[in-house]
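6 protein chains.
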Amino acid sequence: MSSRLDEFQSYRTRMNERIADINHLGIHRFFNLDTNAYTDGTLPGKTKELLGLVASMVLRCNDCIDYHIVQCVEAGWSDEELYEAFNVALVVGGSIVIPHLRHAVETLDLARQR
Amino acid sequence: MSSRLDEFQSYRTRMNERIADINHLGIHRFFNLDTNAYTDGTLPGKTKELLGLVASMVLRCNDCIDYHIVQCVEAGWSDEELYEAFNVALVVGGSIVIPHLRHAVETLDLARQR
Amino acid sequence: MSSRLDEFQSYRTRMNERIADINHLGIHRFFNLDTNAYTDGTLPGKTKELLGLVASMVLRCNDCIDYHIVQCVEAGWSDEELYEAFNVALVVGGSIVIPHLRHAVETLDLARQR
Amino acid sequence: MSSRLDEFQSYRTRMNERIADINHLGIHRFFNLDTNAYTDGTLPGKTKELLGLVASMVLRCNDCIDYHIVQCVEAGWSDEELYEAFNVALVVGGSIVIPHLRHAVETLDLARQR
Amino acid sequence: MSSRLDEFQSYRTRMNERIADINHLGIHRFFNLDTNAYTDGTLPGKTKELLGLVASMVLRCNDCIDYHIVQCVEAGWSDEELYEAFNVALVVGGSIVIPHLRHAVETLDLARQR
Amino acid sequence: MSSRLDEFQSYRTRMNERIADINHLGIHRFFNLDTNAYTDGTLPGKTKELLGLVASMVLRCNDCIDYHIVQCVEAGWSDEELYEAFNVALVVGGSIVIPHLRHAVETLDLARQR
Chain A
1 MSSRLDEFQS YRTRMNERIA DINHLGIHRF FNLDTNAYTD GTLPGKTKEL LGLVASMVLR
61 CNDCIDYHIV QCVEAGWSDE ELYEAFNVAL VVGGSIVIPH LRHAVETLDL ARQR
Chain B
1001 MSSRLDEFQS YRTRMNERIA DINHLGIHRF FNLDTNAYTD GTLPGKTKEL LGLVASMVLR
1061 CNDCIDYHIV QCVEAGWSDE ELYEAFNVAL VVGGSIVIPH LRHAVETLDL ARQR
Chain C
2001 MSSRLDEFQS YRTRMNERIA DINHLGIHRF FNLDTNAYTD GTLPGKTKEL LGLVASMVLR
2061 CNDCIDYHIV QCVEAGWSDE ELYEAFNVAL VVGGSIVIPH LRHAVETLDL ARQR
Chain D
3001 MSSRLDEFQS YRTRMNERIA DINHLGIHRF FNLDTNAYTD GTLPGKTKEL LGLVASMVLR
3061 CNDCIDYHIV QCVEAGWSDE ELYEAFNVAL VVGGSIVIPH LRHAVETLDL ARQR
Chain E
4001 MSSRLDEFQS YRTRMNERIA DINHLGIHRF FNLDTNAYTD GTLPGKTKEL LGLVASMVLR
4061 CNDCIDYHIV QCVEAGWSDE ELYEAFNVAL VVGGSIVIPH LRHAVETLDL ARQR
Chain F
5001 MSSRLDEFQS YRTRMNERIA DINHLGIHRF FNLDTNAYTD GTLPGKTKEL LGLVASMVLR
5061 CNDCIDYHIV QCVEAGWSDE ELYEAFNVAL VVGGSIVIPH LRHAVETLDL ARQR
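Chains as they are written, first to last, in our numbering: chain A, 1 to 114; chain B, 1001 to 1114; chain C, 2001 to 2114; chain D, 3001 to 3114; chain E, 4001 to 4114; chain F, 5001 to 5114.
In isolation and in its complexed conformation, chain A is listed as follows (with noise of 0.2 Å):
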């Protein structure tokens, strides 16, 4: 059976293809940064993936935390890792929060289902 989080996936890939086809070099620049924002540099890109994590919780953007925690699980970072991630999104980022915390806990467990 296909969780959401498998239908996010799908949904991405499609759309990124979609987007991947658009004759505009700004965006194919744009989504070359972004992925080079997460390789292994100076900061291991284990920890950038963190990083980027705790960023996508305090914007409250649900579809980014989705991608940070599939990466953040294939980095290796434990459970209780990611929790301590998550409250120090909390903390910043308020009950605002909430929501989008409910949304990673339930992510990371489709993605150990896995």
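Don't read these hints as lab results, they were simulated from the structure. Everything numeric in this text was worked out from a predicted model, so none of it was measured. Don't take every hint at face value.
Listed below are the simulated DSSO-like cross-link pairs for lysine-lysine, each with C-alpha atoms no more than 27 Å apart in a straight line [as the list claims (entries may be wrong)]:
id	chain 1	residue 1	chain 2	residue 2
1	E	K4046	C	K2046
2	A	K46	B	K1046
3	D	K3046	F	K5046
A short, non-exhaustive set of chain D residues, derived as facing chain F with CB atoms under 10 Å [stated by the list, open to error]:
id	residue
4	E3007
5	T3047
6	V3054
7	A3055
8	S3056
9	A3085
10	V3091
Ideal placement from N, C-alpha and C gives every residue a C-beta, glycine not left out.
With chain A's structure known, arrange chains B, C, D, E and F on it following the hints.
Chains B, C, D, E and F in isolation, oriented as in the chain A frame:
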């Protein structure tokens, strides 16, 4: 000569003491929760300070940026590592973050000169 | 027949229980702080729920709006009083709040039908 | 077959009618002000719709994006011109805008298919 | 001696007069709508000023906070009641609100000294 | 006599040079992407500057507003056209934009006096 960073820290200390005089349990507890979010736990405090810095940059709060940069310097992050975190914040948050990037770079330089 | 408001409340309850299972003191304390912010104090809880509603509207969080509208209805605010609060949120937050005003009006109608 | 864009427009019409029934002068005046902001004046309405679209993208409101894309298509903006506006929104707002860029591109495709 | 609150109010008055000279009906109507949102209606103006203050705090606008604190003091809210409103804003908006809480407490003290 | 607009532009130039000294490819590429977003393309640069201005106003960034107003003046937009753009930003973003409208009007007056 006192820098704007020194002045911010004096103001912050003075007003936090004023707030500590306020007889409101919720406000006091929030301040404790905030302090505790950055202590060593499953994630080291050093990592959590970097999370706090990126969250502050994408939310575009100069005072929060100043506070977390000082904490990150004390925690031992190098300039090159902090620039990597700045880049994640810039890509996530966009050009609207640039004025805060200018502020962050200036604050980091001020913090290193002390 | 179950409305979207019923579904939100079921999901909210289920995920809050899931979060309560997480062994993280900071997260638990934040949830307590959040609950306590709306109990009777120097300001009555009824007033504080209205403050929470307007904060949720200008920050444009539908789940938070749903939660606070149900609380405001239980606290005894009339439709006419809530429309006044909606108007403050609309003027402060601008037309970007309109989709959340539509959501809020629909939620209020659903809450009254129960 | 009804698209999500059709469904949004039906919902929007239905709820705007519900809001028009509310007896609150401030809310009615705000809706008039909003409508008037995009009529021909010193700047043509066509230009102002594009301003509204970019504002909606950087503020990350999908319903507002849908509304303004339909208006921009009716005003005669081409896909290539709209992609340029999308790029400005992406650069100003950062990668947190990407999910809304996906939404905007999909909406534009749906609007062209009618 | 002139405080920063006096200076803000002078600047605000001077620039609002400058804006009143601008020949744009939409801008004038918006200012009227804004003024009218806080007059006595089904909700008393006093309550609506408190809503405006909390909205200003979670949206993190110091000038708006200063304006609404002066209005709240004139409307008769006590310090203890305002601290309760500050706490709601702090919990909803998170630690990113703290610099604005410091500003709000300082403004309230300045307003009481006049 | 140096205005606050002159001071902003000096500070901006100085800090952008400092950032150009930082050895980080991602940051440099972002600055290039930002510059390129406003050059003539399918949409004229003049139109894109106006989009950048409205985006800056609804995101409530005074430094970004100052930058784009100077660009808009150089691109040939009249005061009356800019007031129209200000009005769109005000209606979309609400009264929380008013302090930034005051700032924008003052900046425009300063830019015209040079």
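Right, here's what the structure says about each hint:
For the proposed pair K4046 of chain E and K2046 of chain C, the alpha carbon gap of about 15 Å is at most 27 Å, so the pair holds. In summary, the hint linking K46 of chain A to K1046 of chain B is supported, as the alpha carbons are separated by about 15 Å, within the 27 Å threshold. Restraint check for K3046 of chain D and K5046 of chain F: the C-alpha separation of about 15 Å stays at or below 27 Å, so the hint holds. Of the supplied interface hints, the one on E3007 of chain D is violated, with its beta-carbon coming no nearer than about 24 Å to a beta-carbon of chain F, more than 10 Å.
Below 10 Å, beta-carbon pairs count as interface contacts, and T3047 of chain D has one with chain F at about 7 Å; its hint therefore holds. Of the supplied interface hints, the one on V3054 of chain D holds, with its beta-carbon coming within about 5 Å of a beta-carbon of chain F, less than 10 Å. Contact between A3055 of chain D and chain F, as hinted, is supported at the beta carbon level, the nearest pair being about 4 Å apart and thus within 10 Å. With its C-beta approaching chain F no nearer than about 7 Å, S3056 of chain D sits inside the 10 Å limit, and its interface hint holds.
At about 6 Å, the closest approach between the beta carbon of A3085 of chain D and any beta carbon in chain F falls short of 10 Å, and the interface hint on this residue holds. This hint holds: V3091 of chain D has a C-beta 4 Å from the nearest C-beta of chain F, less than the 10 Å allowed.
Figure legend: structure checked against the earlier numbered hints; the only hint not met is number 4.
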